[in-house]
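> Following the hints, complete the assembly by docking chain B onto the known chain A.
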Amino acid sequence: MLDILSKIFNKDTVASKDIARERLRLVLVHDRASVSPEFLNALKEDLIKVIKEYLDIDEDALLVNLENEENSVALVANIPVRGFKRAVNA
Amino acid sequence: MKGKVIVITSGKGGVGKTTTTANIGSALAMMNKKVVLIDTDIGLRNLDVVMGLENRIVFDIVDVVNNNCKLKQALIKDKRFEGLYLLPAAQTKDKTAVTPHQMKNLTNELRGDFDFILVDCPAGIEQGFKNAIAGADDAIVVATPEVSSVRDADRIIGLLEAAGLNNPRLIINRLRSKMVKRGDMMDIGDIIEILSIDLLGVVPEDEAIVISTNKGEPAVTDSNSRAGAAYKRIARRITGENVPIESLDEGNFMERFRRMLKLAR
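Going down the list, the sequences are from chains A and B. Take the first sequence: its position 25, counting from 1, is numbered 25 in the working numbering, and each next residue is one higher. Take the second sequence: its position 141, counting from 1, is numbered 231 in the working numbering, and each next residue is one higher.
In isolation and in its complexed conformation, chain A is listed as follows (with noise of 0.2 Å):
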């Protein structure tokens, strides 16, 4: 109940701590891929590993990257398909 009302009495705008959180959460997602240099690349190798079982694929134009949007990071891939494997349980 003091909870509920001190939320009402407290309208305050965004908390910076929440800012300096959400900014935080962001900019480790980075750090954290880049304090490895093997990071993407291992990434890949797997992703190329599992793709390769059921799709001919392009692998050196494989590409793997983590991009930054507004608030969010997205792991982005842009595999070139050269054909489909026949299926053999089909």
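These aren't lab readings, by the way, just hints derived from the structure by calculation. The structure displayed is predicted, hence computed values, not measured ones. Be aware that a few hints might be false.
Unchecked claim - Looking from chain A toward chain B, a few residues come up when the C-beta cut is under 10 Å (computed):
1) V14
2) A15
3) D18
4) A20
5) R21
6) R23
7) L24
8) V27
9) L28
10) D31
11) R32
Even for Gly, the Cβ is constructed at its ideal location relative to N, Cα and C.
Structure of chain B alone, referenced to chain A:
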């Protein structure tokens, strides 16, 4: 005796590594532990002045690793606390004057005579950092509730883990509970969640720290210092005692009530 080597680090400068090292070391000595503090900030030594031992330096860490003196000759005995010693950094050399291998040998030699070997790490992630962590069994990361400090702490935690120091523990320093209450400072939960690391303790912002540093007397000797009390509890946790994390929200209810009345008027 098989002493434990603990490095106190942060990445960012000015967050309280040296003050933390001095106070935890003094608190452990007050608990009758044998403690040696090592200042590895070669070229920018300060642990000596914070401890009030700056006038007693004859030899330093570079003299020891270069065999210009015996290790025991370079250790400064603190007269206030039985069992507390300081190995000062050199002031006129640079960080390359010591290698990680030499640091490892040095800390291993000290294990035989001390319960705790506390290594005060310089700011940064260069050779000084690599030297400081070389012989460590455990790491303490100090961070203040600011974006820059927490970011650097995250980087340091990554580097510590890469070096095999897998469970660093966090001290949140200079927390201002009033600012936390009005939402203008990240709280303990925010920081722990972001860094996903175990909390060793929380030290409130305290003017007594400035005064104690002015005098060269660690704040743990001042029974009125809230920061000093927090460091004493941290020292007990380091020895394995189960001391709950103090609530910095005492009077929260009353304060909120008062604020409500003020706003409703």
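> Each of the hints needs a verdict: does it hold here or not?
Verification of the supplied hints:
1. V14: Hint on A:V14: holds, closest Cβ of chain B at ~9 Å, below 10 Å.
2. A15: Constraint on A:A15 satisfied, holds at 3 Å.
3. D18: Where the cut-off is 10 Å and the nearest Cβ of chain B is about 7 Å from A:D18, the hint holds.
4. A20: 5 Å, holds
5. R21: Check passed: Cβ of A:R21 comes within 5 Å of chain B, closer than 10 Å.
6. R23: 6 Å, holds
7. L24: 6 Å, holds
8. V27: For A:V27, the interface hint holds, since the closest Cβ of chain B sits about 6 Å away, which is under 10 Å.
9. L28: 5 Å, holds
10. D31: 6 Å, holds
11. R32: With Cβ-Cβ at 7 Å, under 10 Å, it holds.
Going through the hint list in order, the structure satisfies each hint without exception.
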